[in-house]
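Chemist: The residues making up each chain are set out below.
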Amino acid sequence: MSTTDHALRWQGFCLPKRGNRPEEYEDAFAGNPAACRFAIADGASESAFAAEWARLLVEGYVQTPGRVRDWLAGLRARWHEQLSGRELPWYAEVKFEEGAFSTVLGVTLGAPRSDRSRRWLAWAVGDSCLFQVRQDELLVRFPLTYAEEFGNRPDLLCSRSRAGQKTRETLARGDWHPDDRLLLMTDALAQWFLQQAEAGHRPWKVVEERATAKTFAGWVEELRDAKTLRNDDVTLVIIRS
Amino acid sequence: MPYSVELSRTNPTCFLFLIDQSSSMAEPFGGQPDKPKAEGVADSINRLLQNLTLKCAKADGIRDYFHVGVIGYGGRVNFALGGDLAKQQLVPISLVATKPLRVEQRTRKVDDGAGGILEQKFKFPVWFEPTAGGRTPMCQAVTTATQVLTEFIARFPTCFPPLVLNISDGKATDGNPELAAQNLRKLTSTDGSVLFFNAHISSSPVRPIEFPATEGELPDPEARLLFRMSSVLPPSLQKAATNEGFRVEPTTRGFVFNADLVSVIRFLDIGTRVTQNLR
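Each protein sequence line maps, in turn, to chains B and F.
Those letters in the first sequence? Residues 6 to 246, per our numbering, in order.
Those letters in the second sequence? Residues 46 to 324, per our numbering, in order.
By construction, these hints were calculated from the structure, which means they are not laboratory data.
The model shown is predicted, which means the values in this text are computed figures rather than measured ones.
The beta-carbon is built from N, C-alpha and C at its ideal position, and this holds for glycine as well.
Be aware that one or more of the hints could be misleading.
Unchecked claim - Here chain F is said to cover these stretches of chain B; the calculated rule only asks that three of the stretch's residues, wherever they fall, bring their Cβ under 8 Å from a Cβ of chain F: (1) 49-56; (2) 93-102.
As the list claims (entries may be wrong) - Calculated pairs, BS3-like style, for lysine-lysine (alpha carbon to alpha carbon, straight line, at most 30 Å): (3) K103(F) to K232(B); (4) K231(F) to K171(B); (5) K216(F) to K166(F); (6) K168(F) to K103(F); (7) K166(F) to K232(B); (8) K231(F) to K232(B); (9) K103(F) to K171(B).
To be verified - Taking CB as the label site, the calculated pair distances span: (10) K284(F) to G205(B): 44 to 50 Å; (11) R180(F) to E92(B): 42 to 48 Å; (12) A39(B) to T152(F): 47 to 53 Å; (13) T172(B) to P47(F): 50 to 56 Å; (14) A78(B) to V148(F): 38 to 44 Å; (15) E214(B) to R54(F): 31 to 37 Å; (16) K154(F) to W76(B): 27 to 33 Å; (17) P47(F) to K171(B): 35 to 41 Å; (18) D230(B) to R54(F): 16 to 22 Å; (19) K171(B) to R273(F): 42 to 48 Å.
Turn these sequences into a full structure, and let the hints guide you.
Modeler: Below you can see the structure in the form of structure tokens.
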């Protein structure tokens with residue numbers, strides 16, 4: 006997918022976990038270049054109905070300006086509405102009652118200043134990551150900063166609101182220069198990216214070279230074969246001017 | 046590193062449950078004296094099967110990360126899944142999920158988020174009824190498990206090592222089961238040896254003990270015997286157990302006393318974990 010407007014270009018890439026069918030992909034990504042809003046999400050494998058929730062989260066983020074808390078309740082109601090009223094087997098009913106869980110990361114860029122620089126503001130729950138690359142340097146890592154921080158229990162946003170429930174959200178902001186790139190990645194690719202950076206390599210170069218519509222899937226499979234990339238759904242969004 | 050292979054539908058692992066159904070299981074359960082041990086065992090196996098199913102449940106059905114078998118031993122050794130699954134040795138978890146004996150409608154009280162209490166209905170599947178009768182051929186049950194898993198490993202040689210969960214009061218009547226347990230633990234896939242875990246359901250009103258590191262801390266000879274039969278947690282499971290809040294040492298074994306082994310299901314990794322309590 007690729008969209009262009011007068012200021013920002015963005016591309017999104019995805020590949021399901023090896024061994025899973027395309028419809029079993031539970032990450033999601035979305036971009037709204039007119040509003041300069043972009044998002045990725047990673048539905049948790051141990052929850053059900055998570056792909057629907059991840060999709061609602063990214064669409065909700067890119068389409069709705071303003072504070073997350075102002076539109077989250079509406080998204081939760083939509084998730085419930087989409088799925089309720091069905092006759093479900095006992096296990097699906099339990100999963101539906103528990104709710105779906107997902108990480109999410111959204112980033113909004115401000116209007117360009119006279120020197121074409123902008124502000125950006127990012128919001129994250131869990132281990133979906135944003136990296137900012139300036140020239141040949143990794144400038145920002147958010148919200149995780151080291152490869153060893155990844156685990157199988159990230160913070161998650163639930164499709165149901167519960168008493169006493171606390172969701173740990175993190176925010177970051179920064180400046181964007183016209184030649185900067187923002188890379189959004191779900192956990193497996195983000196972990197690989199940080200491992201490479203920590204080893205002194207320049208993974209952003211590899212990403213920019215291999216992430217094309219034709220070559221992305223082959224590249225991810227190569228990393229999986231080499232066991233440098235965990236077998237998981239993979240999602241990448243690249244934003245540049 | 047052993048015990049690290051990915052669980053998948055093409056390379057599933059196996060959960061084999063051994064259930065003591067002997068006459069001693071009619072005695073009271075230490076944890077709840079008004080309840081026979083057989084009821085404690087039935088609760089335990091129903092919760093285990095329910096949690097195993099839910100770990101694999103997705104919107105479009107159940108993913109077969111596990112094959113499941115149940116061996117009962119009370120008087121004689123038998124394959125103890127009931128109803129449509131009667132006499133089957135191992136079945137994919139999706140079949141277990143869709144074939145309970147019955148699904149009960151139960152209610153529970155939940156916080157309504159506004160200071161009140163709501164009664165919530167939920168479905169509760171039942172695969173096992175309490176049963177108790179006959180002697181305790183535990184050695185024979187463990188040997189049968191060894192045969193079943195030899196076949197499973199021949200079919201899936203690169204699988205995550207199968208897990209055997211024995212739920213018993215530890216009073217074998219056909220000899221010392223330690224040797225049979227040793228033979229079971231010798232079976233290996235390319236990813237490691239079979240894991241043998243034991244849950245001791247005791248009449249002693251002693252507080253539950255989970256994943257001990259030495260037999261000295263256990264209250265009776267049966268518990269110590271089952272402890273010795275149990276596998277030491279391999280490093281990857283030690284790490285998972287620590288993440289689940291258990292205090293773990295290098296000699297910690299897969300053994301619980303007057304408790305259930307449902308937490309073991311959480312030690313297995315099928316992807317992003319949702320932090321919440323087991324049912």
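Chemist: Straight-line Cα separation of K166(F) and K232(B) no greater than 30 Å?
Modeler: The given pair, whose Cα atoms are some 46 Å apart, is violated under the 30 Å limit.
Chemist: Take a look at whether the Cβ-Cβ distance between K154(F) and W76(B) falls inside 27 to 33 Å.
Modeler: Because 32 Å falls inside the window, the suggested range holds.
Chemist: Given as covered by chain F, does the segment 93-102 of chain B meet the bar of three residues or more with CB within less than 8 Å?
Modeler: holds (count 8)
Chemist: Are K284(F) and G205(B) spaced within 44 to 50 Å by their CB atoms?
Modeler: Since the Cβ atoms of K284(F) and G205(B) sit about 28 Å apart, the hinted range of 44 to 50 Å is violated.
Chemist: Look at the Cβ atoms of A78(B) and V148(F) and judge whether their distance stays inside 38 to 44 Å.
Modeler: At 33 Å between Cβs, range violated.
Chemist: Just to be careful, I want the Cα atoms of K216(F) and K166(F) compared with a cutoff of 30 Å; is the pair within it?
Modeler: Not OK: K216(F) and K166(F) at ~39 Å, beyond 30 Å, violated.
Chemist: So does K171(B) sit 42 to 48 Å from R273(F), Cβ to Cβ?
Modeler: 43 Å Cβ-Cβ, so the 42 to 48 Å window holds.
Chemist: Sort out whether K232(B) lies within 30 Å of K231(F), counting only the CA atoms.
Modeler: Holds, because 29 Å separates the two Cα atoms, which is no more than 30 Å.
Chemist: Taking only the CA atoms, is the gap from K103(F) to K171(B) under or equal to 30 Å?
Modeler: Satisfied, since the Cα-Cα distance of roughly 25 Å is no more than 30 Å.
Chemist: Using the C-beta atoms of P47(F) and K171(B), is the stated range 35 to 41 Å upheld?
Modeler: holds (37 Å)
Chemist: Would the hint linking K231(F) and K171(B) be met if the CA-CA limit is 30 Å?
Modeler: Violated: K231(F) and K171(B) sit about 46 Å apart, past 30 Å.
Chemist: Between E214(B) and R54(F), does the C-beta distance stay in 31 to 37 Å?
Modeler: holds (34 Å)
Comparing the model with each earlier hint shows violations of hints 4, 5, 7, 10, 13 and 14; every other hint is respected.
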